[in-house]
Amino acid sequence: MEGIMSTPPVPDDEPHGGTPPGGEHGPVRWGGLVRVLSAIRRVVNAVLATLCIILFVWLVVVVAWQVFTRQVLHNSAPWTSEAATYSLVLLAIMAIAYVYSERGHIAVEMFVQKLPERGQTIMGLVIELIVIFFTVFVFIIGGARVAESTWHQKMAILPFSVGEVYVVLPLAGVLIVFYSIAHIIGILSGAEKAMPEFDENAEAI
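Using full-length UniProt numbering, the first residue of the sequence shown is number 1, and each one after it goes up by one.
Honestly, the hints are just simulated from the structure, not real lab data. For glycine and all other residues, C-beta sits at the position ideal for the given N, C-alpha and C. Each hint should be verified, as a subset may be incorrect.
As the list claims (entries may be wrong) - What follows is a list of derived Cβ distance ranges for each label pair:
#1 Ala-107 - Val-61: 26 to 36 Å
#2 Glu-117 - Ala-77: 17 to 27 Å
#3 Phe-111 - Val-57: 23 to 33 Å
#4 Leu-129 - Phe-56: 30 to 40 Å
Produce the complete structure using the sequences and hints provided.
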């Protein structure tokens, strides 16, 4: 009798992004759009994470080989310094986009958290708009100009041009703008909090 009268469990259809500002689960509106954006973000995040891991492993191998050839063979491989430098540039820029997708960059939330719910929502939207403005002009437009101006500038040893490396700047900018738009839609739909949640466990570590 108890099994018949018990309430069946409610399926958890909450999309990626956490509980909405009001505390209720699931998006308030635009559920289909939020699910599509969440699926795209998962795919892009997986690609970015894989590329970052590959670049990090490659960077470790290059630096280790540089140290080995210098300290053991007493004849440092000339290409390792340049390869390590530009690999670090690529890794850092791609990591910026990946971390922003998780809203993991440093943020001072002490004053924003004291605002009422509506104030936090407005502040969250304003921050995302500022990020889009900054990214478009610095990463996309500025990065494209830097890549274009250095496209024919050959590296000293490696068979690439400097511009080919800096193409990653506008590409990362496009990804950051996409993530910002996804955050804005998540905030307006109620699928994400206006401000990222603070992880107490991360602080303890």
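Hint numbers not upheld by this structure, sorted from lowest to highest: 2, 3
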